[in-house]
Amino acid sequence: MITHNKHKITQELLVRYVLGEANDNERNRVKDWSMESVANENELNNLSNIINKVDQFRDTHSINLDKEWDKFLSEKDKASSVDYNFNKKKFFFPIRNIAIWIGFILLSTIGYFIYHNYTNNQYIWLDAGNKVCSIRLEDGSSVVLNKGSRLGYSKNFLKENRNVQLFGEAFFSIKHANLPMFTVVYNDVNIKDIGTAFNVKKENEEVQIIVEEGKVNIESNNTILELSANEVAKVNPIDNVIKKSIVKDKFYQYYRTKKFDCIGTPLIELVNGLREFYSEKIELQNSSLDNIPITVYFEDQPISKILDIICDTLKLEWSRQSDGKIIIYKVK
370 MITHNKHKIT QELLVRYVLG EANDNERNRV KDWSMESVAN ENELNNLSNI
420 INKVDQFRDT HSINLDKEWD KFLSEKDKAS SVDYNFNKKK FFFPIRNIAI
470 WIGFILLSTI GYFIYHNYTN NQYIWLDAGN KVCSIRLEDG SSVVLNKGSR
520 LGYSKNFLKE NRNVQLFGEA FFSIKHANLP MFTVVYNDVN IKDIGTAFNV
570 KKENEEVQII VEEGKVNIES NNTILELSAN EVAKVNPIDN VIKKSIVKDK
620 FYQYYRTKKF DCIGTPLIEL VNGLREFYSE KIELQNSSLD NIPITVYFED
670 QPISKILDII CDTLKLEWSR QSDGKIIIYK VK
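In this note's numbering, the protein residues as written are 370 to 701.
No lab work stands behind these hints, which were simulated from the structure alone.
What you are looking at is a predicted structure, and each value in this text was computed from that prediction instead of being measured.
For glycine and all other residues, C-beta sits at the position ideal for the given N, C-alpha and C.
You can trust all of the hints, since none of them are fake.
Restraint-style ranges between C-beta atoms, simulated for each label pair:
#	residue 1	residue 2	range
1	Asn-530	Lys-674	45 to 55 Å
2	Lys-627	Asn-573	18 to 28 Å
3	Lys-603	Asp-508	24 to 34 Å
Kindly generate the complete structure, drawing on both the sequences and the hints.
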């Protein structure tokens, strides 16, 4: 069972949430839990990625549920001396419950298979945990991992390729020499560096790439797009459409520079950044406030001072609830 503060979230509930089988109350519980920390949000995203991989696996593999269930029981009998015989009249589950649990067992099995597809490549995983961390790779490239993010690279890094896998958010400054091309794999998107520095993260279910210096090539579902310095691309995971635009500000740098530089930045983006950076529960009263643009600059200031400036600028108010949650709202 996964516990965090007041929320108790089971792995089964997370699976049902991702599969769309959770009820309204359960969905709200999972949403609250995922908002408590970047680590929770990433865990939910990682589970979604695994289930997506399972869907791809299922599309190309035929699975006999009866055969797999018999195999599962057979393996359990071999592994334990416990008598698994039972009275069928007393031991009864609805067919749907049995199907769910068989599906959950298969999901775990396939997830294990997928996991070993990665680990058999002998990947080394680096976890940022609850703080931003800087990493220098063997090729001299540097990476700044945001809180709750993970970076994986092969033990054969440099020998065969310079591919890394990312979950969460990171800034890359790539070393160039007579080396293989540096490639970041994020979900089903490949970002191939042909320049110097870029930022990658997931935002509103889209993969966002911002190029700070040089150029990168973005590949998604046979679509290739070149991105240059001061350009941003967003890749939609549903239709794999890549949208390119100009970077308006340097807000995305906040987790590594500790500076919040907003120029017409949507309020919800600033709030999300503050929530993550200060590890505070901050929410807007309603979605009507999400896209209010704000132009401000903060550097190394306490959260209370920042909230005061935001509210003075936008004519809003803020308050801290008894549970510690901060609400930003508009006075009627």
